[in-house]
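Undergrad: Heads up: the protein sequence lines correspond to chains P and S, in order.
Quick note on my numbering: the first sequence kicks off at 1 and runs consecutively.
Quick note on my numbering: the second sequence kicks off at 1 and runs consecutively.
Just so you know, not all the hints are guaranteed correct.
Claimed, not checked - Chain S stretches covered by chain P per the calculated footprint, using a threshold of three residues with CB under 8 Å from any CB of chain P:
id, stretch
1, 10-17
2, 22-35
As the list claims (entries may be wrong) - Part of the chain P face toward chain S, derived, beta carbon under 10 Å:
id, residue
3, I43
4, T105
5, S107
6, G114
7, F118
8, G121
9, I153
For the record, the hints were derived by calculation from the structure and aren't laboratory data.
Where is the CB? At the ideal position from N, CA and C, for every residue including glycine.
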Amino acid sequence: MTQAVLSNDQSNITSYAPFVDTLDSNECQIYLFVTGATCAACIQRIEGTLLSHDYVSYARLNFSSGQLTIRWIGPQSKIDDLVKSIRDLGYGVNYKQQKNQKDETESFLLRCLGVSAFAMGNIMLVSIALWSYDTAEMGVSIRDFLHLIVAAIALPTIAYSGQPFFRSAFAALKHGRTNMDVPISLGVLLACIISLIGLFEHQEHLYFDSAVMLVFFLLMGRYFDARVRQKATSAASSLLHMMVQVATIETTDGKTEIIDARNLRPGMIVRIANGERIPADCEVLTGQSEIDMSLVTGETLPVAVKEGSNLYAGTLNIQSSLRASISKPAADSLLADIVRLVEKAEKGQSFYLRIADRASRLYTPFVHIMALITFVGWYMAGLPFMECLMRATTVLIITCPCALGLAVPVVQVLAVGRLMRMGVLVKDGAALEKLSSIDTIIFDKTGTLTYGHPILLNKDQISSQDMKLAASMAISSRHPLSLALVKSYDGPLDDIQVTEVPGSGLQTETGIRLGRAEWCGVNSKSTQENQFIELYLSIPHEHRLVQFLFQDEIRDDAPLVIKELQNQEMGIHILSGDREAVVKEVANKLNIESYDANVRPEDKVRFIETLKENHKKVLMVGDGLNDTPVLSAATIAMSPSSAIDMAQNAASIIFSGQKLWPIIEAYNMAKDSQIKIKQNFVLAIVYNIFAVPLAVMGLVTPLIAAIAMSSSSLIVIANSFRLRKGKE
Amino acid sequence: MSVLLFLIPLALLLGGIGLFAFFWALRQGQFDDLEGDARRILIDDDSLQK
């Protein structure tokens with residue numbers, strides 16, 4: 001699912017050779033990202049096809065992450081044949097940059113968890129004997145022997161598996177703060193020290209098993225938490241790492257060379273073929289073409305460019321090839337400017353405090369104070385020093401936030417996993433929390449409420465003969481309107497030679513024109529004002545003109561979704577950079593009263609900031625590059641998977657498919673998960689209300705502590721599983 | 001009770017072997033692609049041999 005959500009298009013990359021690594025063994029290696037593999041047969045087809053080439057020495061597809069590793073002997077350029085052979089099988093292939101350093105946290109936690117699970121099992125084995133017979137039956141020497149074995153297992157385990165807590169606690173203390181890990185570390189360490197002293201003093205009860213169990217349960221919570229975060233960040237970073245491009249440059253001796261676009265420098269001459277993305281901001285030297293600027297401006301219709309025009313990185317050349325001179329290195333491009341705007345907006349929301357952190361802020365001092373009171377109280381009451389320390393440690397252990405540590409991560413893992421199966425990718429752990437609190441939703445129009453590409457409206461009024469003619473002409477162009485025309489016609493096509501006139505339209509040898517109103521001899525000023533996009537077909541020898549009307553269509557389930565949101569008394573606005581007439585039409589159809597047209601990105605950001613100043617929690621749903629700063633400014637943002645990479649990176653939640661309904665699903669899931677988290681906290685607090693007074697009074701033996709602790713954790717986990725299933 | 005001197009080290013040894021096997025599997029990358037391995041069982045061995 002993740003891979004499908006994140007598939008993005010690198011089909012304009014002409015060669016993957018610049019990305020190939022050469023290994024020590026003289027082999028070439030590349031990591032690719034494969035989309036569309038769904039079953040064992042896919043793995044077999046992909047690997048089998050690659051290995052059928054004699055020079056390929058290794059091919060392995062990681063099904064979970066979609067990563068394909070290929071090694072081969074021979075020139076680097078062989079990779080293009082290999083990529084083509086996979087594409088020919090019908091799978092998507094993209095290059096993916098490798099992360100510089102692998103994130104080790106998750107596997108380290110898993111190792112710690114493995115060690116503590118092993119230790120817990122073996123200690124239990126021995127503990128059963130210790131708890132089921134009293135000393136009179138067993139004899140002191142046997143009991144001490146068993147205690148010694150428990151200590152021999154427990155101490156190294158604590159030293160190894162406790163590391164995540166000790167490190168974090170140490171780091172917090174170094175900066176003069178405390179966190180949840182401080183009482184945990186203190187409790188575990190004190191328990192070990194007291195038990196060790198107890199061991200030499202031949203005491204009856206020791207705390208080693210409690211300490212190990214504590215570490216095990218807490219590690220489980222940590223591991224879940226890390227997995228959610230890892231999944232979220234790997235989704236986000238794989239997007240970032242896929243934003244690579246190659247450029248064809250002219251070298252000084254007149255030859256061409258393909259290089260990695262990040263190595264472009266100002267003054268280099270690049271050739272941009274039809275259908276390629278502009279690699280960096282540049283100025284046209286020769287050639288005329290049309291550029292699809294939708295990535296930058298959100299505009300549906302392309303813009304004509306000629307010599308001297310400026311091109312922006314990331315936009316798409318859709319007509320004829322151009323020669324251009326790079327004006328800024330890739331890092332200074334408009335795209336990079338927008339990235340900086342996004343970063344600025346993101347800083348504004350880093351003050352958000354997660355519910356778990358808020359809970360631990362209240363909890364940590366409480367635990368410390370309770371333990372201290374217990375110690376001082378009993379010491380003043382005249383108990384020996386060791387006994388007081390023992391009781392204070394019991395308080396630390398029994399209040400230890402096992403249940404609290406599991407309360408949030410377990411619910412999150414379940415909610416994020418279930419949403420992912422519904423096609424909603426949650427990238428950020430706090431996202432569900434934020435989403436559950438929203439009261440205002442702002443929609444972008446193009447690509448969000450609508451499908452984002454024009455659809456022919458008046459097909460019924462056009463004769464099939466004209467339709468055939470127009471579609472046959474349009475087939476040779478990549479203009480969005482041409483594509484829409486061809487898509488809406490499903491008969492056979494004639495073979496017609498046309499020339500493309502940049503900025504105007506298409507013309508045949510016999511003078512038939514398909515294009516803009518003025519170019520086809522229509523002088524209609526009024527057409528600018530209506531909500532349609534027009535295209536004309538003029539046939540001079542028949543003195544006929546045919547009008548084609550296009551409109552960006554509203555998503556099928558948009559009315560339903562809007563109605564559902566209005567039922568939940570959510571404030572809804574449309575903010576769009578498009579023309580007034582178009583926005584009004586959409587707003588009326590969807591029954592939305594509040595809308596703004598012709599809004600620039602800065603105004604959108606200001607609009608949201610005003611709302612936030614009025615204590616509104618804003619969800620922004622948008623997909624374009626022009627929405628990106630706005631997405632970051634909102635309390636939380638969602639993007640459809642059709643959105644461009646930048647928008648997907650700025651949004652915390654991405655939903656796939658042609659429908660808007662996932663917004664409702666995600667919102668309901670967010671609300672339900674927050675309810676479950678709060679219930680879990682209540683359960684944990686109720687447990688403490690009963691357990692803490694007993695511990696303070698010194699009535700809790702290590703056995704009771706161990707049972708109480710694990711049962712509270714299990715209750716919290718069971719409660720989390722009551723989370724709504726949702727439709728798949 | 002001298003049987004304990006024999007049984008407990010044996011229990012620890014068996015547990016230790018399990019733990020070592022887990023670490024070995026982790027290092028070998030056997031947990032890297034759980035879903036893919038579940039499906040690879042359906043692929044005939046000889047079809048991917050080289």
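Undergrad: Hint G114 (chain P) vs chain S: min CB-CB distance below 10 Å?
TA: Holds: closest Cβ of chain S sits about 5 Å from G114 (chain P), inside 10 Å.
Undergrad: With 10 Å as the cut and Cβ atoms as the points, is F118 (chain P) at the interface with chain S?
TA: At about 4 Å, which falls below the 10 Å cut-off, the nearest Cβ of chain S leaves the hint on F118 (chain P) intact, so it holds.
Undergrad: Under a C-beta cut-off of less than 8 Å, do 3 or more residues of the stretch 22-35 of chain S approach chain P closely enough to confirm the stated coverage?
TA: That given contact holds, which follows from 8 residues of the stretch 22-35 of chain S lying within Cβ reach (below 8 Å) of chain P.
Undergrad: Between the stretch 10-17 of chain S and chain P, see if three or more residues pass the 8 Å beta-carbon test, and mark the coverage as holds or violated.
TA: holds (count 4)
Undergrad: Interface hint check: I153 (chain P), Cβ to nearest Cβ on chain S, cutoff 10 Å. Holds or violated?
TA: At about 7 Å, which falls below the 10 Å cut-off, the nearest Cβ of chain S leaves the hint on I153 (chain P) intact, so it holds.
Undergrad: The hint names T105 (chain P) as touching chain S; please verify it with the least Cβ-Cβ distance against 10 Å.
TA: violated, 14 Å
Undergrad: Quick check on the hint: I43 (chain P) CB to chain S CB, less than 10 Å?
TA: Holds: closest Cβ of chain S sits about 6 Å from I43 (chain P), inside 10 Å.
Undergrad: Return the status of the interface hint for S107 (chain P): holds when the least beta-carbon distance to chain S is below 10 Å, violated otherwise.
TA: holds, 7 Å
Undergrad: Given G121 (chain P) was flagged as interface, is its beta-carbon under 10 Å from a beta-carbon of chain S?
TA: holds, 6 Å
This entry does not satisfy hint 4, going by the numbered hints stated previously; all others are met.
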